[in-house]
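Visitor: Please construct the entire structure, taking both the sequences and the accompanying hints into account.
As they're listed, the protein sequences go chains A and B. Heads up, the first sequence is in our numbering, so the first residue is 48 and it goes up one at a time. Heads up, the second sequence is in our numbering, so the first residue is 48 and it goes up one at a time.
The hints are simulated quantities; they were obtained by calculation from the structure and are not laboratory data. Mixed in with the good hints, there may be bad ones.
Heads up, the list lumps identical chains together, so a pair's fine if it works in one copy or across two of them.
[Said to hold, decoys possible] Straight-line Cα separation of at most 16 Å, EDC-like style, residue types lysine to aspartate or glutamate; simulated pairs:
#: 1; residue 1: Lys90; residue 2: Glu303
#: 2; residue 1: Lys231; residue 2: Glu63
#: 3; residue 1: Lys382; residue 2: Glu340
#: 4; residue 1: Lys271; residue 2: Glu352
#: 5; residue 1: Lys231; residue 2: Glu130
#: 6; residue 1: Lys239; residue 2: Glu63
#: 7; residue 1: Lys186; residue 2: Glu266
#: 8; residue 1: Lys186; residue 2: Asp152
#: 9; residue 1: Lys231; residue 2: Glu268
#: 10; residue 1: Lys324; residue 2: Asp71
#: 11; residue 1: Lys382; residue 2: Asp370
#: 12; residue 1: Lys215; residue 2: Asp71
#: 13; residue 1: Lys226; residue 2: Glu130
#: 14; residue 1: Lys72; residue 2: Asp295
#: 15; residue 1: Lys215; residue 2: Glu63
#: 16; residue 1: Lys239; residue 2: Glu363
Okay, here's what each chain looks like letter by letter:
Protein chains: 2
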Amino acid sequence: MSRTDDPYFKSYFNLEVHRLMLQDKPRTEAYQQAIVKNAPFFKDKTVMDIGAGTGILSMFCAQAGAQKVYAVEASAMATPLREIVVANQFMNTITVLEGKAEDIDLPNHAKVDIIVSEWMGFYLLHESMLDSVIAARDKHLAPHGIMMPSHARIWSAPVSMSDYFREKVDFWDNVYGFKMPPLKRLMLRSDKPEVDVIQPEQILSEPTLVAEFDLRWVETEEIKSVSQKRFISATATGSFQGLALWFDCDFRPFVETEWVTCATLSTSPSCPSTHWKQTIIVLPVSTDIEQDEVIGWSLTLTQTEGNARHYAIQLEVLDPAVDEHPTPCGCQMAKCALIKALMEKEEEALN
Amino acid sequence: MSRTDDPYFKSYFNLEVHRLMLQDKPRTEAYQQAIVKNAPFFKDKTVMDIGAGTGILSMFCAQAGAQKVYAVEASAMATPLREIVVANQFMNTITVLEGKAEDIDLPNHAKVDIIVSEWMGFYLLHESMLDSVIAARDKHLAPHGIMMPSHARIWSAPVSMSDYFREKVDFWDNVYGFKMPPLKRLMLRSDKPEVDVIQPEQILSEPTLVAEFDLRWVETEEIKSVSQKRFISATATGSFQGLALWFDCDFRPFVETEWVTCATLSTSPSCPSTHWKQTIIVLPVSTDIEQDEVIGWSLTLTQTEGNARHYAIQLEVLDPAVDEHPTPCGCQMAKCALIKALMEKEEEALN
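Guide: The structure is reproduced here in structure tokens:
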């Protein structure tokens, strides 16, 4: 029964994960475009690639004319990475450094002009390397330096679950004539999110913003806990069975005097799907929702004590008639609409 | 880059693996058939289910009329398993015992009449629980007791690799214009077997028997190392690129005075595919083979020192013109055909 966690197949499996990530076109092409579109800025610059892996981003930077790229890789991938650099004739530009980016010392404590990294995890933060990227940025990035990506946002929307998920849950009701209720319950535990592609017809409202980070200045304190309390009107009739989370990233650095938009990487259900898919926090109980009905929830993502790369997820469904709404609130209930109108009037008067 | 070994998703992932195994019809239905077909023998018997998991085999035994089933489970599945037993009203028949089967003591050191277990791993032995099953058998099985399954065989055949595999290998030649030779090499390392479904057109000879075990009497010594030296004539023209391994199991216990065939579970490429698929030991170099040409290889599977559940695989391609053939040999080369004919004549003369 331990066929799942078999280290024998792990190095090979990791190789397949690298292939999956490279073949994830929206991901890899966003970086390629961001670096190529911004090539004039890369020219003769010093770059650090945090979590270089197969070296693809480092090689994009070398192609874009970087003078020096530090490809930092903490895992055993550092060894093949060195060979890949040589195979592609980048020995003079790319230097592979084995270790964690925040622990490494650059020659003469040099600073880098650009940090490039693909550090994003499920729903942005899960198992992400963001803490490590922030620490490395504070140690290695020059004051005028830029981050690629430069901005990141987490989004949420109430959703119904797919038929496929329902089948996976209902499977445990009748297994060769037997019922397995604890395994059905485990499928519905809200602290074990489902990673799946959400179809447009599953989405019950407009996307709502959970958090936004400017990666040049974000502090580790800000990512320790992220929360959202939200009431919103449903745009469709359906079963409210979970909250979908996803993220997008901008490559929009502040170069000299202006923001330069180079590329965007979105993992939204309205964009071509990526290996991150969407993350769905499944609710143990389903609620039928009519179009225009108000849906409310409170969501908290908190770094766990033992492991900063893990987040505990708390999702609570709120009763729009009973629970206090934020001020102002975007929902269509009379009181919220009234407060919103009054506040707008007041603001007008002030102007 | 550590999205592969994330314990956060592990318990959930294990649940999906249990579903996959239960939905593996050739597997689950072979056990169901073996137990149901043999129900008269299960009637009022004491059974031990080693590695009970979701309890499906224990419940088949209870249905077949067993008087007592010890469902032994070493993992955290023991807790939901207890609840599953209650949910299906088998509290009086099935007792869940948490621990390793070879460590557990039954009340009054009672012996069991039947051991049921789904212990098979990739190519039978990899990550299998066979050592544990043998030790538990020697401790708990009554002298007249039976094993289900009762017999197991490992088979091999030279194969060409699928187009899909070639694509996965060739992928590393051109990744956004870059080459990644060490990752291509890693895909072809012969000690990391490929698990995939072999299509009939990939198979280059008749299947050959690697090993056969009578599970009632096999000793741990016999599974420490398994080897095969074999020359065989190709039944098709193609590229010899790997050796496929698979297994089958018989449920053919010796009941009182006779062998009773209850069911067979085969993971052969000529049977409906299972979650075990086939295991392919990939050769770093491909050899073009004509139909009727003789192919030779030497294969050794050896338990590793540190972990008895892991096997080191050694595969060497032999040159039929140079390397010594076993005596007798099934290949069509003149010398082997002559020796075989002489031996048959001699045997005839003796009779």
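Visitor: Give the relationship of lysine 231 and glutamate 63 under a CA distance limit of 16 Å: within one copy only, between copies only, both, or neither.
Guide: between (30 Å within a copy, 11 Å between copies)
Visitor: Between lysine 90 and glutamate 303, at a C-alpha cutoff of 16 Å, which is it: within one copy, between copies, both, or neither?
Guide: Cα proximity of lysine 90 and glutamate 303: one copy only (14 Å, versus 84 Å across).
Visitor: How would you label the pair lysine 382, aspartate 370 (within, between, both, or neither) given a Cα cut-off of 16 Å?
Guide: within (13 Å within a copy, 90 Å between copies)
Visitor: When no copy is named, should lysine 186 and glutamate 266 be tagged within, between, both, or neither for a Cα gap of at most 16 Å?
Guide: This pair counts as within: shortest intra-copy Cα distance 13 Å, inter-copy 60 Å.
Visitor: Can you give me the call for lysine 231 and glutamate 130, within, between, both or neither, at a CA distance of at most 16 Å?
Guide: Between. Shortest inter-copy distance 12 Å satisfies the 16 Å Cα cut-off; intra-copy 48 Å does not.
Visitor: Could you place lysine 186 and aspartate 152 in one of the four classes (within, between, both, neither) given a Cα distance threshold of 16 Å?
Guide: Only inside one copy: lysine 186 and aspartate 152 sit 9 Å apart there, 59 Å across copies, limit 16 Å.
Visitor: With identical chains treated as interchangeable, where does the CA-CA distance between lysine 271 and glutamate 352 reach 16 Å or less: within a copy, between copies, both, or neither?
Guide: Classified as within: same-chain Cα gap 10 Å, cross-chain 44 Å, threshold 16 Å.
Visitor: Tell me, please, which holds for lysine 324 and aspartate 71 at an alpha-carbon limit of 16 Å: within, between, both or neither?
Guide: This pair counts as within: shortest intra-copy Cα distance 11 Å, inter-copy 27 Å.
Visitor: My question is about lysine 215 and aspartate 71: at a cut-off of 16 Å on alpha-carbon distance, are they close within one copy, between copies, both, or neither?
Guide: between (26 Å within a copy, 15 Å between copies)
Visitor: Can you tell me if lysine 215 and glutamate 63 fall within 16 Å by alpha carbon in one copy, between copies, both or neither?
Guide: between (25 Å within a copy, 9 Å between copies)
Visitor: For the identical chains here, do lysine 231 and glutamate 268 meet the 16 Å Cα criterion within one copy, between copies, both, or neither?
Guide: Intra 37 Å, inter 42 Å, cutoff 16 Å: neither.
Visitor: Between copies, within a copy, both or neither: which fits lysine 239 and glutamate 63 at Cα up to 16 Å?
Guide: Between copies, since 13 Å is at most 16 Å while 24 Å is not.
When each numbered hint is compared with the structure, a violation occurs for hint 9 only.
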